[in-house]
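S.K.: Spelled out, the chains give:
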Amino acid sequence: MALFFTFSISVCAQPARRRAEQTQQQTRRQTNRAGGATYREFPAAQAMPADADWRRDVYRELDLMKDENAPLSALIFDSLYDSYKGVIVFVRVMNGTVKKGTKIKMMATGASEEVVEVGIFGAGRFIPCDELSAGMVGYITASIKTLSETEVGDTVTDADNPCAEPLPGYKKVQPVVYCGVYPADSSKYEDLKEALEKLQLNDASLFFEPETSLALGFGFRCGFLGLLHLDIIQERLEREYDLDLVTTAPSVVYKVYKTDGTVIELTNPSNLPDPSEIEYMEEPIVNAEIMVTKDFVGSIMELCQQRRGRYVSMEYIEAGRALIKYELPLNEIIYDFFDALKSRSRGYASFDYDLKGYEKSSLVKLDILINKEQVDALSFIVHSDSAYERGRKMCEKLKDEIPRHLFEIPIQACVGGRVIARETVKAMRKDVLAKCYGGDITRKKKLLEKQKEGKKRMRQVGSVEIPQSAFMSVLKLDDDN
Amino acid sequence: MDNNFSEVYIHIPFCVRKCLYCDFLSFAADEKAKEKYIDALCTELMFIGKERCKTSLSSVFIGGGTPSVLPSDLIVKAMESVKDNFTLAEDAEVTIECNPGTVDEEKLKAYKTCGINRISFGLQSVHDEELKSLGRIHTFDDFLKSYDAAVNAGFTNINVDLMSDIPGQTTESWEKTLKTICELKPAPTHISAYSLIVEEGTPFAEMEEEGRLDIPDEETDREMYHMTSKILSEYGYGRYEISNYAKPGSECRHNLGYWTGVEYYGAGLGAASYYGGCRFTNTSELPVYMDDPIDSFKLDEKLTLADKMSEFMILGLRLTKGINTKDFTKRFGQDVMDIYGKQIHRFLDEKLLEEADAEEPAGSKMIRLSERGLDLANHVMQSFI
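Line order of the protein sequences matches chains A and B.
For the first sequence, our numbering gives the first residue as 1, with consecutive numbering after it.
For the second sequence, our numbering gives the first residue as 1001, with consecutive numbering after it.
Each hint should be verified, as a subset may be incorrect.
Derived lysine to aspartate or glutamate pairs resembling EDC-like cross-links, with alpha carbons at most 20 Å apart [unchecked claim]:
1) A/Lys-430 <-> B/Asp-1221
2) A/Lys-430 <-> B/Glu-1200
3) A/Lys-444 <-> B/Glu-1301
4) B/Lys-1032 <-> B/Asp-1291
5) A/Lys-430 <-> B/Asp-1349
6) B/Lys-1308 <-> B/Asp-1349
7) A/Lys-399 <-> B/Glu-1218
8) A/Lys-444 <-> B/Glu-1263
9) B/Lys-1351 <-> A/Asp-354
10) A/Lys-255 <-> A/Asp-354
11) A/Lys-430 <-> B/Glu-1219
12) B/Lys-1298 <-> B/Glu-1285
13) B/Lys-1342 <-> A/Glu-465
Rather than coming from a laboratory, the hints here were simulated on the basis of the structure.
Chain B with its partners taken away, still in its complex shape (with noise of 0.2 Å):
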């Protein structure tokens, strides 16, 4: 198979405790399973590295869990994986989760090192009463602590995640957080600023079927969500997704790359993968994956023409700059109008999506959600399913 991904993307299952609204694979776990995780991770990269691969990395990203729960020494040797398997571009962007309380400045100059190049904190609040309602183990003084260790080790490009509709918050609560991020000092380059999703399976799940799960109001939390780009751009965070701020230069590219339909290979526990045309994920088991890193991974599905063009709609439509009309003529070879003319009109008139001129090329369009549109995104994808 000739595959020609240009992200990596690496999963660290491993997390101090779980959160109370957490749907991802994680779990706690010793040293010795940690270290024998990663050889499996290693062997799996080496496998569909160089061999495999013929395209140069344009991104690479450490997720979990928390990877920083793992000692540098594990993630060292996780990047030298990457490294001797893979291509890596010059200007490549290499980004690593972290949780405050779970590096130190030691931790992030290993990380630097080892060609790590951009951070990403799961803060969520700067309110300790709200991060305990979520679950989380650091405090607010915590990330501070290492958010100075990660400016002292010398990372310029740094993401904060923060969360809105969390149980106690209100719009107050929630400006605050907003803007004591933005005044860091020195900035962060992005901010990804999420409403808390209560998904299937998770204590929330449990709690709001209990009535216990108390969560601000339908118009409390659309107040939140329009402040939060007010807020944002006022301090100069551009929106260039339904959830992720940047400064202008610093979007996050890998995630760029999710929506715009770029070929990926997920490594490690339960990993997506998207190449060839298909989707893959890796086993979720923990000893079947361990037992076997090369061949646990399943076919979720194979794209077909129609499928692809969805995708491409769908994912397309997240970005607040939209998705290019000769974007879509140029990989498809069919006018967007003649596949989705009736979806698009539609919302066209009801003010959902709203029609601009692309800076390039020439004579081409942009078709994106408006306002009001990206309040309502799913109303507007399911169309082009």
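Okay, chain A solo, but in the shape it has when bound (with noise of 0.2 Å):
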């Protein structure tokens, strides 16, 4: 309803040659209809029910436009790509008037196109208008071809007509969580890169980065908000843009202090300068709330205990319901911590979190070497005590992970160049059908296939090809489940 009194009240508002047009617009409108316009018009003024001439008279008095002839500003609070239209901007209109033909400029990215088409929000879909004027919630499209030249927060000006200061927009988060994305096929870097770009248009919070690594190749460093943001931006890349990924363990910004003074916001670990020229590193801690019945009090708070938690506090909210909280460190629950929270609590545990800030940390960077060459995408950091544990448990899982060669191979997981845990994945020495005869040979032929399928998905890493599925297992080193 709102929509229609803006739209009255800017017929008053404009100047005499706008108010000209409008006559005029309104006049063709009328025609229009009787013509049997497809679209749902707007009524006019005078077609209003009563109740909503009084609203109309209240928002004439609430005089939404301080300066009548204000230049226009409005608020890109979302985009979406259509294929055939370009770039459709979801604004809101905060002063003046946009309209087809309208020469609009984005305020940021300082893009300049000519508006092709405006319009509201229908259920469903999208009702195009001859204008949209201040207060109204609406689209813009303009054959906006690139994606990134529209951010969420901008602001859209007349490009003839701007105004002064670009509106406040919206608030800068920090991404908390980084890793490391991907493409499972490295050809197909360009579409992970168009993905990510489509997705940052209506997800401003989205960070990424080109990053190369020797094991995965060209891929990107990608911050999210937690880990619920990484898993969701994960999901819909392979979903909506039908991409297979490898993901990088998710890892968390670390504070560097080097000995020369300077401070380094470590978000890849491969980036982590030599032990001898850090100072001291400090890692974020995170206020933990986690809400369990309480008959799984005690194993929750062992397990926040094991990871490195600091008792805050326990209370009961109601009988057979306690509030218990806790100060970790983000790097202790990255990984997972809801898994093993949710199994050692049958599912009644939940959990919440908010960032508490640094702490100095004993931390060391744990690197895994397969067949004697280390695989800058499982390197990851970790702190001290838990160093060995968790080395451990990775050689482990990539022993499973990665299939036999025809040669022997050792995992090491090393601490600045010392081994610290080790397995062997022993020598392929047997791989073969016993039995191929005229029935057999269709379907041997499948599983022939699937092998050599299998083997185009492996990263080669020296003389060793490691399955994606490796990279991804060791972020799931819990043997509670």
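Please dock the two separately framed chains into a single complex, following the hints provided.
M.R.: In structure tokens:
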């Protein structure tokens, strides 16, 4: 409803020339209606019911526009990519009017285009209209092809008559969890890039920058608000964009204080400077609140304790339900904390956290060597106390994941060049189909095809082929499950 | 369609009981069903026979299931149908699979009379407890009786199937199995020695999943495998395929056909055919087949030139003599090295393949799997897909 009023207000709030134009349009609209236009028209003022009149008057009193001729400013709150129309920008018009033919400009990116269509949102569809004016929520298409030109939070203004200052937009959020995202098939790098750009269109909190890994090739280091966000983005990339992904172990942002006095915010473990250059490191800590039925309090506290948690408080919010508060290092909860929590509480525990700040901590980088070659995508930063445990588990996991080769493959976990755990993948001895007669040929061929397909999906590190599942499997190391 | 297959396979999907490792199409059935099945089979053979097959057959193979569970008159009927509708070459190899304990001399004589000249016994092991663990219904003693009966009925070309990697088997028991069979009087002309494959959907697969399947470990398996060719060669059996051994000249011609790209027709429930560059399979649903034995097949794949080349390699490499480079050129008009040079060189370097001079034609080369390559055949073959 509010849309109509702002519209009628704009009729009155425009200078004479525009008013003339609009009267003209109104006449045209009426003719249209007579001709049986298919889309729903806004009712003309005289057709409004009484209570609408009343509302209109209220809005008029509100004086939505301080400046009658305010230059256009509209806030982009979302956008969508359409193969025919290009980027469809969702805006709320704060000041001024935008209509077909208006030359618009994105204030942050500087992109300038001519508007092709404006409209409002109907139930599940777009309804074109003549113009969007202050107060209205609607969409603009302007044959914008590059997605990066329309950032959520940016201000759309009139290129010929720009507003003085952009709207404050939205608060930029800082990613908390980072991980490497690589296309399973390295030729899909461009597709991945495009998909990430499209996702970023309506998710400004998604951060990504190109990165290369020796093991995984070209990909992106992506920043997420948290684990759920990471999961959702990954899932959307796979489902909506039909991409096969390999993700590296998620990492938090560490602060590395170097001996020369500088501080690095470390998002990728591979970039950790030489230990001799590091004064100390800090890791992010979260305030965690876990709600759980009383039967599981013991095992949940045990879990938090294992994860280097610092007990804060526990209260019973009702008989049988407790709220446990802990301070936990973020890097302890990004792997499999949630899974462990659920399995220890038979699914009853719920968990929430927010960032508390950074604390000094004894951290080391754990490297994985496969057949004596370091696999950068498997390196991660871990507390020195749990390095041995985690290294051992990773080696065990990788041993199961890496298929046998014609030669023996040692898998080693190292901290600062010192091997702390080792497993061996034995050499392949037998890989043969005993029988292959007339009726078996098609089936056995399919089997070989599958084997070949499997090989294609492997990553070559030195002379060893590592399946993608190996990179993923090390994310789930808890043996509770 | 011009069908010039030279081999016919006949599938008999009946068994007394299904073995625990078996993923072939077979089940138990009553006499009436068996009779009706043979009628349907004869209809199929008649349709596909003389009218459509212009060449003479070099081999017929009656497999299963257990063909020998059928009363002998039904087998005779099927054979008569083959002879009525096809031209059988003078020296055609005609094999029937028999399970020990399901045949007697009378039955075997009937087979002999109707033109069958080769018997294949599914024995697997000479140890009754191993036979039991496989879910076989016969004992070694049953086999000896059936074997003698076959010899008495006049069969000279006999194959025995043996299996390694059986639950509970040791290298010693396998050695005993091999030697006992080689020392039979008269000795079989052909031995198929497989290692057990746990196929999806079989009771063994389920048992393996649950960790109840106690099969020998990999070391033992390899030891048995290498023992097989050593022992059998001492007794004069040459290995000519991954799992097949024969006295000189007694190689199974029918199976050689599969590995060298010969066109064949498979009749009966679920049987596979290859002719006109296409692979077909008959329906596996008994009622569907009985209803229309002629038109219940489906096309599995139409082979492209690339498919044919790849099959030439992966099937040909199953043979210990390997593939002849001139044969490849003759069949496809291209040099094998132009097509698969990269793979071949890689595996020659890794010593999984080896090269040898062919006996004929002069100047041609054989490319074959090495001793180690035979163990890792899939690893090599998948690169030719």
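S.K.: Indicate, hint by hint, whether the structure satisfies it.
M.R.: We went through each hint and held it up to the structure:
no. : hint                      : result
1   : A/Lys-430 <-> B/Asp-1221  : 9 Å, holds
2   : A/Lys-430 <-> B/Glu-1200  : 19 Å, holds
3   : A/Lys-444 <-> B/Glu-1301  : 13 Å, holds
4   : B/Lys-1032 <-> B/Asp-1291 : 15 Å, holds
5   : A/Lys-430 <-> B/Asp-1349  : 19 Å, holds
6   : B/Lys-1308 <-> B/Asp-1349 : 26 Å, violated
7   : A/Lys-399 <-> B/Glu-1218  : 17 Å, holds
8   : A/Lys-444 <-> B/Glu-1263  : 18 Å, holds
9   : B/Lys-1351 <-> A/Asp-354  : 59 Å, violated
10  : A/Lys-255 <-> A/Asp-354   : 18 Å, holds
11  : A/Lys-430 <-> B/Glu-1219  : 10 Å, holds
12  : B/Lys-1298 <-> B/Glu-1285 : 12 Å, holds
13  : B/Lys-1342 <-> A/Glu-465  : 19 Å, holds
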